[in-house]
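J.: This is what each chain is made of:
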Amino acid sequence: MMDILQFAQLLNRVREMRPLVHHITNAVTINDCANITLHTGGAPVMAHAPEEVEEMVGLASSLVLNIGTLTSSQVEAMLLAGKQANHRGIPVVVDPVGAGATRFRTESVRRILEEVQVAILKGNAAEIATLAGERAEVRGVDAGEVAVDPIQTAETLARQLNSVVVVTGKTDIITDGTRTACIDNGHPMMGCITGTGCMGASVLGCFAPVVDDPWVAAVAAVTAYTIAGEIGGEQADGPGSFKWRFFDAMAGLNAEMIAEKAKIRQVAPSPNP
Amino acid sequence: MMDILQFAQLLNRVREMRPLVHHITNAVTINDCANITLHTGGAPVMAHAPEEVEEMVGLASSLVLNIGTLTSSQVEAMLLAGKQANHRGIPVVVDPVGAGATRFRTESVRRILEEVQVAILKGNAAEIATLAGERAEVRGVDAGEVAVDPIQTAETLARQLNSVVVVTGKTDIITDGTRTACIDNGHPMMGCITGTGCMGASVLGCFAPVVDDPWVAAVAAVTAYTIAGEIGGEQADGPGSFKWRFFDAMAGLNAEMIAEKAKIRQVAPSPNP
Amino acid sequence: MMDILQFAQLLNRVREMRPLVHHITNAVTINDCANITLHTGGAPVMAHAPEEVEEMVGLASSLVLNIGTLTSSQVEAMLLAGKQANHRGIPVVVDPVGAGATRFRTESVRRILEEVQVAILKGNAAEIATLAGERAEVRGVDAGEVAVDPIQTAETLARQLNSVVVVTGKTDIITDGTRTACIDNGHPMMGCITGTGCMGASVLGCFAPVVDDPWVAAVAAVTAYTIAGEIGGEQADGPGSFKWRFFDAMAGLNAEMIAEKAKIRQVAPSPNP
Numbered sequence: 001m002m003d004i005l006q007f008a009q010l011l012n013r014v015r016e017m018r019p020l021v022h023h024i025t026n027a028v029t030i031n032d033c034a035n036i037t038l039h040t041g042g043a044p045v046m047a048h049a050p051e052e053v054e055e056m057v058g059l060a061s062s063l064v065l066n067i068g069t070l071t072s073s074q075v076e077a078m079l080l081a082g083k084q085a086n087h088r089g090i091p092v093v094v095d096p097v098g099a100g101a102t103r104f105r106t107e108s109v110r111r112i113l114e115e116v117q118v119a120i121l122k123g124n125a126a127e128i129a130t131l132a133g134e135r136a137e138v139r140g141v142d143a144g145e146v147a148v149d150p151i152q153t154a155e156t157l158a159r160q161l162n163s164v165v166v167v168t169g170k171t172d173i174i175t176d177g178t179r180t181a182c183i184d185n186g187h188p189m190m191g192c193i194t195g196t197g198c199m200g201a202s203v204l205g206c207f208a209p210v211v212d213d214p215w216v217a218a219v220a221a222v223t224a225y226t227i228a229g230e231i232g233g234e235q236a237d238g239p240g241s242f243k244w245r246f247f248d249a250m251a252g253l254n255a256e257m258i259a260e261k262a263k264i265r266q267v268a269p270s271p272n273p
Numbered sequence: 274m275m276d277i278l279q280f281a282q283l284l285n286r287v288r289e290m291r292p293l294v295h296h297i298t299n300a301v302t303i304n305d306c307a308n309i310t311l312h313t314g315g316a317p318v319m320a321h322a323p324e325e326v327e328e329m330v331g332l333a334s335s336l337v338l339n340i341g342t343l344t345s346s347q348v349e350a351m352l353l354a355g356k357q358a359n360h361r362g363i364p365v366v367v368d369p370v371g372a373g374a375t376r377f378r379t380e381s382v383r384r385i386l387e388e389v390q391v392a393i394l395k396g397n398a399a400e401i402a403t404l405a406g407e408r409a410e411v412r413g414v415d416a417g418e419v420a421v422d423p424i425q426t427a428e429t430l431a432r433q434l435n436s437v438v439v440v441t442g443k444t445d446i447i448t449d450g451t452r453t454a455c456i457d458n459g460h461p462m463m464g465c466i467t468g469t470g471c472m473g474a475s476v477l478g479c480f481a482p483v484v485d486d487p488w489v490a491a492v493a494a495v496t497a498y499t500i501a502g503e504i505g506g507e508q509a510d511g512p513g514s515f516k517w518r519f520f521d522a523m524a525g526l527n528a529e530m531i532a533e534k535a536k537i538r539q540v541a542p543s544p545n546p
Numbered sequence: 547m548m549d550i551l552q553f554a555q556l557l558n559r560v561r562e563m564r565p566l567v568h569h570i571t572n573a574v575t576i577n578d579c580a581n582i583t584l585h586t587g588g589a590p591v592m593a594h595a596p597e598e599v600e601e602m603v604g605l606a607s608s609l610v611l612n613i614g615t616l617t618s619s620q621v622e623a624m625l626l627a628g629k630q631a632n633h634r635g636i637p638v639v640v641d642p643v644g645a646g647a648t649r650f651r652t653e654s655v656r657r658i659l660e661e662v663q664v665a666i667l668k669g670n671a672a673e674i675a676t677l678a679g680e681r682a683e684v685r686g687v688d689a690g691e692v693a694v695d696p697i698q699t700a701e702t703l704a705r706q707l708n709s710v711v712v713v714t715g716k717t718d719i720i721t722d723g724t725r726t727a728c729i730d731n732g733h734p735m736m737g738c739i740t741g742t743g744c745m746g747a748s749v750l751g752c753f754a755p756v757v758d759d760p761w762v763a764a765v766a767a768v769t770a771y772t773i774a775g776e777i778g779g780e781q782a783d784g785p786g787s788f789k790w791r792f793f794d795a796m797a798g799l800n801a802e803m804i805a806e807k808a809k810i811r812q813v814a815p816s817p818n819p
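Protein chains in written order, with my numbering: chain P, 1 to 273; chain Z, 274 to 546; chain Y, 547 to 819.
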């Protein structure tokens, strides 16, 4: 059986360490990402100029790359920063927002995944299927219909990239190709605001530096985050009030609340295809 | 008489269709625009790299162009996206934020209006007067004093561009040069936060794809939006609490509430000058 | 003794004048900066294209430069805008976010301070120490440990630059090198959200144009802003609810509340080193 408390207590470690999480991220949710990093217990820094990203990575505990409003200058900065993060041995989290929607996005993410060793790749089912080479319908930055089994796709991709793969959805899937967990926390209200996915990557960036095993970090991060979403969602009257209640819930979250509410199940690995 | 219910029920159609609204927009309110699109019932996608905008337009139901923090690269992207939207026959909404304040803004919008067939052009009285070639005082991105009759100016410009023109203010004006409606909904609190204008353009982008007549779409969109502002404003203690209550109101709005509260009057066309 | 009422009543002057505050600022907190400017009583305009910044400065009452997500194109725009502001005689406020963290930031701010006469320079203790040539630990955009006496450092830098220097922290320091005030207002919650520093620069940009003496403007601005933070903080359940309560508090603030709550003390100048 999994030790829920082990995951729950990682939040305390985030708050003790206060990791500096360097983001190269999109313009839509950059403010939300900075705030959720603070509320989780990390310290955000946003810097995307190619002139400074390597030096900024030198101060950071982790690096979050999000392609939500990608430009060619950002791709350059992401590659520079990602390689420097690899050189320094700090974890890299990639959020392939809208991969599959345009060639520019798909090819840019592929290039990042080729040139940078990524600790955690987090996307919705369509984005992950696209990167695994499956056919998937991507509708802008939303997941459309995905024909394949998302767990098997994620496990295959995780083994291929030697990364932890997180597939977000009603049930979140976290796999390193060998161990696979499903998390059933969360609230429908999380889909009613923009930025829920992006903020999830920031929380992964807070947890990744506090434990050597990125799969453990990812399970703990997704559990904490979706429980905060649950608490915020239960109190909200609509998406506007959900957002600030979600922030309050994340800042007020503690290990006991996580241990009590966590719905994590480890699943048997899919047979290799 | 106008059929209020016809306008009110378009909100249901937005929610059934869930149109993908591609924005090329400013950095100030990009998060608000994404959220209000979700709360109205659409799906937002923000993409501004010249490398991908044409492909993204290919997935979209409408295109919103907002020049609030314009750069030369954005102008290029807007022209590419706008022409592709015309080619595909999806409606283009333009928000000429601050037109008249600088030559760069005025000339960029003029170029967009020349090279792209725009379904709905939405601005404040000063921006619209500037684009109509009238003298207007533009103070940054706020409307200053406008000497001319805004209804007549809007009607002339609408005929000239073959577009629907929306002039926002205490009373909102919507005209296609032949039919002109005035809407008296809204709340003073809407002027106390940034982004009310930009978000209005996003709501127009949600309604434009669900009905063939862009004037009907614009009347319905402005009515729904300003009624949500009214509901949010009545409950707010200040501009901070207004913003999230406004979001909650937009998400909770339905056709019955619109039909009950709408203050739409169709006015006789101005004599041609 | 200082006349608290003199400072308190400047808020009324901001609201009478409604100064247009031109920002060239970062992507993280640009929305917050626009909103706090409105809630203080100013009118924000955000414009950063080199093609238009000089013309936009021509309409503005003050200019706020913030390097939080600096790019080389922004440096160019800041220099153009800053020189034009000097030419027109309107006050320039500089927020050197993360100076000391990377050479790109430190050198860009140094260049701005050399080429532009700055009315008010506002940073945390580490940023100000960096710009004064002291050794300081800068951790991303947060202040780390600073070895030196921040008051003396600020006074020396103020004399050197002929600027007012504001050092933010638990106690805020405002000095022009001759007069030095310490302000003990504020709330710990202000450190729990992103943007508190950036928004402070916007409020300085609102107050700077309404009085000839930038030290008086800065004392009044910091006092008003931190009192709003206090009021918001006392009512908040967490950082999410703090943010909108803080906005409500800023919008609802008046001179009487400031006069009642202000904790300003003028301190004797440090001996010259």
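Hints are not guaranteed to be accurate.
[Stated by the list, open to error] Covered stretches of chain Y, going by a simulated chain Z footprint (3 or more residues, C-beta under 8 Å):
1. 570-582
2. 665-676
3. 779-791
4. 794-806
[Claimed, not checked] Counterexamples of contact, computed for chain Y against chain P with all Cβ distances above 10 Å:
5. Leu626
6. His633
7. Arg649
8. Gln698
9. Leu707
10. Ile739
11. Lys809
[Stated by the list, open to error] Derived coverage of chain Z by chain P (criterion: at least 3 residues anywhere in the stretch with Cβ under 8 Å from a Cβ of chain P; other residues may be distant):
12. 301-308
13. 357-371
Honestly, the hints are just simulated from the structure, not real lab data. Only a predicted model underlies this, so the values are computations on that prediction, with no experimental measurement involved. Ideal Cβ placement from N, Cα and C applies to all residues, glycine included.
J.: Please go over all the hints and tell whether each is borne out by the structure.
T.: For each hint, the structure was consulted:
1. 570-582: n = 5 at 8 Å, threshold three: holds.
2. 665-676: violated (count 0)
3. 779-791: With 3 residues close enough to chain Z, the hint holds.
4. 794-806: holds (count 4)
5. Leu626: Fine: 18 Å to the nearest Cβ keeps Y:Leu626 off the interface.
6. His633: holds (28 Å)
7. Arg649: The assertion about Y:Arg649 is violated, with a minimum of 7 Å to chain P.
8. Gln698: holds (27 Å)
9. Leu707: holds (24 Å)
10. Ile739: violated (6 Å)
11. Lys809: holds (26 Å)
12. 301-308: holds (count 4)
13. 357-371: violated (count 0)
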